[in-house]
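**Student:** Going line by line, the protein sequences match chains A and B. Those letters in the first sequence? Residues 6 to 394, by my numbering. Those letters in the second sequence? Residues 62 to 317, by my numbering.
Since the hints were made in silico from the structure, they are not lab data. There's no promise every hint is true.
Only some residues are given here: those of chain A computed to face chain B with a beta carbon under 7 Å [as the list claims (entries may be wrong)]: (1) Pro7; (2) Ala8; (3) Glu23; (4) Leu27; (5) Val28; (6) Thr31; (7) Phe35; (8) Met64; (9) Gly65; (10) Ala69; (11) Ala77; (12) Gly78; (13) Met79.
Pulled from the structure, derived: some chain A residues nowhere near chain B, Cβ distances all over 10 Å [to be verified]: (14) Asn148; (15) Asn166; (16) Arg186; (17) Ser206; (18) Gln239; (19) Gly240; (20) Phe280; (21) Asp281; (22) Leu290; (23) Thr300; (24) Met328; (25) Ile353; (26) Gly384.
Just so it is clear, CB atoms sit at the ideal spot from N, CA and C, and this is done for glycine as well.
Listed here are the chains, written in short residue letters.
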Amino acid sequence: MPAYRGTDYLLLDTLLSEEEILVRQTARQFVEELLVPVIKDCYNEGRFASHLVAEMGEMGFFGANLEGYGCAGMSNVEYGLIMQELERGDSGLRSFVSVQGALVMYPIHSWGSEEQKRHWLPRLQNGRAIGCFGLTEPGFGSNPSAMATRARRDGGDWILNGEKTWITNGSVADVAVVWARTEEGVRGFLVERGTPGFTTSDIHGKLSMRASVTSSLTLSDCRLPESARLPGAQGIKAALGCLSQARYGIGWGVLGAASDCFETAREYTKVRKQFDDRPIASHQLVQEKLAWMITEITKGQLLALQCGRLKDLGRIEPAHISMLKRNNVAMALECARISRDLLGANGIIDDYPIMRHMCNLESVKTYEGTDHIHALVIGERVTGIAAYK
Amino acid sequence: MKILVAIKQVPAHDSRLFIEPTGEWIEENDLGYEVNEPDAYALEAALQLREQHGGEVIVMCAGPARVSSTIREALAKGADRALHIEEDDLRHWDNLSVAQLLAKAAQTEQPDLVLTGLQSDDLGFGQTGVIMAELMGLPHATLAMSVEVVDGRLRVKCELEGGWFQYVSMPLPALVTIQSGILRLRYATLMGIKRAKTKEVRKITPAELGAAGEPGITLRRIYAPHSLKQTQMLAGSVQEQAAQLVEKLKHEVRVI
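Chain A with its partners taken away, still in its complex shape (with noise of 0.2 Å):
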C-alpha cells in the first residue's frame, strides 16, 4: 500500500489555509508513525495505546480548540481536522481524545471556577491527568433528563449517589465530570478517583471500540466539598452543551475513517484480478460502489468543514452538529461496509483496518445521540415540532 495520503476528489484543499493543512499533516504523521503500527495488536487485545497519551498532550491535541491554559488555541477546523486524522487511525483513540477535550476540559473551561481551571486544565491538556465525563446511566441513554443520580447538600458538602455507565476513560480517569439531579436542577460535579464512595468497573466484551476503555462509575454516598461543583454548569442544558461540542469532533473523525476504507478498497480493487485477468476496479459493479462511497465522503467533507466555519464565526447551532454527527458517521458505516464487500473474504481479516472500522463505526452511531435522536433534532429544526416522545 502506498503512503496514506487522504481523500480529496473534489481539492477541498483549496478551501484549506496553510496553516490548516499544516495542522493536518502533523496529527496524519503522528497517526501514521506512532498509532498504525500498534493499533492491530492494540484491537486484538482489548487494549488503549495508554503509551501514547503523554505524547499526545506534547502534540497539542487535549482541548486543542480550547484558549489559555496550555492549550493550543486552534480553530474549530483545525480541531475537525485533528479528530479526522486521528480516528483513521481508530476510533478509541479519537474517543479517548474527544472525552479529554470536549467532555472534561471544555465544561471545566466553560463552567468551572477559576481554581478548577488552574488546577485540571494544564494536566488535562499535558495528559498527565486523564478525564471521563458520566452521564448516561443503565436507564437513560436518549434522555438523559431523566436521570437518576441525585446530588443533595449536606451541611456545606454534597452526597452523590447513583450509577453512570458506558463511560469511556471511567476506570483510567483522574477525575470524572459527573451530572445529577439536585433540588435546584441538573448540577456538574468534578469527582478525583479514590473519593471514597465512588468506584468504577470496566465494561469486558466489547465486539467493538476494542482499543478504548468503556467503564461504569458507581457513586455511593460519595461525598464532596461545594468546590468539586462547576459552579457555571446550569441545568441539562450544560451537558448537552459538551456533548455538542463532541459531536462536532466526531461528524469530522469519521471521515478519517470513512477515508481509510475507501482508499484501503481502491488499492485493492486495482489490485485483485479476477475473469479474464482483469483488475476487479474494471468492473462496472464496484465502479459504482467506488463511485458512491468518493461522493459521499466528499459531500461530508463539505458538511464538516461548513459546520468547522460556522463553529469558528460562532453562528452554529446544535441542529446544524445534529445532521453532521447524523450524515457522516451512517456514511462513514455504509463506506465501511461497502469496502468490506469489495474486499471479499480479505475484507474480514485484521491485515486490513476495514472490519475493525466497522465495529466502531457501530458504536459511533449509538454514542453521542443516537441516529434516531438526531434525526428528530433536525425534524424539530425543520418544524418547530418535537418528536421525541
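Starting from the known structure of chain A, arrange chain B on it as the hints suggest.
**Tutor:** This is chain B only, laid out in the frame that chain A set:
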C-alpha cells in the same frame, strides 16, 4: 550559537511524476511538496544543538511562494526565524549558481554554523553544501552522522564506506552536510504551529543579493528510465537449448 539551516522543498517522496510536454521538467500542478528528507535531519540537529548550547536557529529556503509551507513547518518545529529567497523558477539554476545564491544569503546572517542535508531527494547532486562552504571560505564535513560542539570546536562523525566512520574536528564557523536517519525527528506540535504564525520570515530576491543565476550547465531533457525487456525463444533439444543459453550468458549478457 547562530545556526543557519539551508532547506529545500521537493516533491513528496511517493508522488506520481509526469514530465512536461517540453521534456524539461516535471508537471508541477497538483503535486504535493515536502521538505527534503536530509534537510529535515539537518534542522533537527540544529534544534538539538540550540537546546544544548543556546543561540538561534534560522532556516533558509529558496523557491517560489509555495515553499512558505515548508518554511512554516520548520518554524513550527522550533526554528526562530526564516529567510525566504524568492525565486519562481529555480529549475534553470545549476548547482553552482544555487550555491552562490545560498552563500550570498547566508553571508547576510554571519552564522557560526551552517547545516544542510547531504543531498536533495529530487536532483540529488550532493554538491550544494560543499560548494557553499568553498564560496564562504568555511571548513566543511559531509555525510555527518552526529555534530557536537566541544570546547568551541565542532566534532563531527562522518560516514565512510563499508561500515567505517571518521571523526573530524574543525573550528567554527563551519558547514556540515547531514545524513538522513541520524536522529528522531520531532513533530510540529499544535502550539509550535500557532507560535510560528508570529515568527519573522525575511524575504529577499536573487537580484537584491546580487546573484545572477546564469547557468554554466543547462538541463536539456529529463525522462523516465527506459526499461527494455526482450524475450528470445530458444529452439532445439534440451541439450542444444542449454548450450545456446550458456553461449548467450557468456558472450551477450556476459554474466558467467
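**Student:** Take the hints in turn and mark each one as holding or not.
**Tutor:** Results of checking the hints against the structure:
{"no.": "1", "hint": "Pro7", "verdict": "5 Å, holds"}
{"no.": "2", "hint": "Ala8", "verdict": "5 Å, holds"}
{"no.": "3", "hint": "Glu23", "verdict": "5 Å, holds"}
{"no.": "4", "hint": "Leu27", "verdict": "6 Å, holds"}
{"no.": "5", "hint": "Val28", "verdict": "6 Å, holds"}
{"no.": "6", "hint": "Thr31", "verdict": "5 Å, holds"}
{"no.": "7", "hint": "Phe35", "verdict": "6 Å, holds"}
{"no.": "8", "hint": "Met64", "verdict": "5 Å, holds"}
{"no.": "9", "hint": "Gly65", "verdict": "3 Å, holds"}
{"no.": "10", "hint": "Ala69", "verdict": "6 Å, holds"}
{"no.": "11", "hint": "Ala77", "verdict": "4 Å, holds"}
{"no.": "12", "hint": "Gly78", "verdict": "6 Å, holds"}
{"no.": "13", "hint": "Met79", "verdict": "6 Å, holds"}
{"no.": "14", "hint": "Asn148", "verdict": "37 Å, holds"}
{"no.": "15", "hint": "Asn166", "verdict": "40 Å, holds"}
{"no.": "16", "hint": "Arg186", "verdict": "37 Å, holds"}
{"no.": "17", "hint": "Ser206", "verdict": "34 Å, holds"}
{"no.": "18", "hint": "Gln239", "verdict": "31 Å, holds"}
{"no.": "19", "hint": "Gly240", "verdict": "33 Å, holds"}
{"no.": "20", "hint": "Phe280", "verdict": "26 Å, holds"}
{"no.": "21", "hint": "Asp281", "verdict": "22 Å, holds"}
{"no.": "22", "hint": "Leu290", "verdict": "27 Å, holds"}
{"no.": "23", "hint": "Thr300", "verdict": "20 Å, holds"}
{"no.": "24", "hint": "Met328", "verdict": "28 Å, holds"}
{"no.": "25", "hint": "Ile353", "verdict": "28 Å, holds"}
{"no.": "26", "hint": "Gly384", "verdict": "37 Å, holds"}
Every hint, counting from the list given before, is met by this structure.
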